[in-house]
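Take 1 as the starting number for the sequence shown in the UniProt record's numbering and just add one per residue.
Keep in mind that the hints are not guaranteed to be accurate.
Pairs of lysine-lysine, PhoX-like flavour, derived with a Cα cap of 25 Å [claimed, not checked]:
hint : residue 1 : residue 2
1    : K52       : K79
2    : K93       : K139
3    : K146      : K93
4    : K146      : K52
5    : K77       : K146
6    : K77       : K52
7    : K52       : K2
8    : K93       : K77
9    : K79       : K146
10   : K16       : K93
Bear in mind the hints are in silico, worked out from the structure with no lab data behind them.
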Amino acid sequence: MKVALASDHGGTNLRKEIADLLNELNIEFEDFGCDCEGSVDYPDYALPVAEKVAAGDFDRGILICGTGIGMSIAANKVKGIRCALVHDTFSAKATRGHNNSNMLAMGERVIGPGLAREIASIWLQEDFEGGRHENRINKMTEYESK
Numbered sequence: 001m002k003v004a005l006a007s008d009h010g011g012t013n014l015r016k017e018i019a020d021l022l023n024e025l026n027i028e029f030e031d032f033g034c035d036c037e038g039s040v041d042y043p044d045y046a047l048p049v050a051e052k053v054a055a056g057d058f059d060r061g062i063l064i065c066g067t068g069i070g071m072s073i074a075a076n077k078v079k080g081i082r083c084a085l086v087h088d089t090f091s092a093k094a095t096r097g098h099n100n101s102n103m104l105a106m107g108e109r110v111i112g113p114g115l116a117r118e119i120a121s122i123w124l125q126e127d128f129e130g131g132r133h134e135n136r137i138n139k140m141t142e143y144e145s146k
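Could you build the full structure based on these sequences and the hints that come with them?
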């Protein structure tokens with residue numbers, strides 16, 4: 001698995017925690033920043049990462065901002081992306097198992113590093129269940145292709 005990782009200024013600390021987790025899990029990743037102290041625009045980081053995931057350059061992507069909301073909205077504008085905003089472990093498992101999400105968004109101002117690492121770990125290791133869920137994913141993909 002290869003993961004793209006990015007944050008805006010509101011998620012830099014949590015992004016570093018997730019980078020450490022990816023190293024611990026021996027998951028290949030690329031960190032797309034931001035490496036800044038001043039305010040930046042989250043779409044400048046979310047959109048390029050989402051495009052790389054949608055193009056197949058990366059299997060999955062993880063985005064972090066203050067709340068995760070802006071990053072998830074921006075990423076979901078890219079065709080082929082199913083970015084889930086997650087702040088609990090149950091949703092992390094469900095979004096992979098049921099929704100086959102290919103991107104995860106979290107908020108540094110919403111959850112702490114321990115929970116974020118647990119969420120990311122579950123999300124990275126959970127498989128898509130397929131079955132009845134496949135039909136639902138296909139409906140979204142067909143709609144998106146119109």
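Verification of the hints:
| no. | hint | verdict |
| --- | --- | --- |
| 1 | K52 x K79 | holds (11 Å) |
| 2 | K93 x K139 | holds (21 Å) |
| 3 | K146 x K93 | violated (30 Å) |
| 4 | K146 x K52 | holds (21 Å) |
| 5 | K77 x K146 | holds (14 Å) |
| 6 | K77 x K52 | holds (13 Å) |
| 7 | K52 x K2 | holds (11 Å) |
| 8 | K93 x K77 | holds (23 Å) |
| 9 | K79 x K146 | holds (11 Å) |
| 10 | K16 x K93 | holds (22 Å) |
Going through the hint list in order, the structure does not satisfy hint 3, though it satisfies all others.
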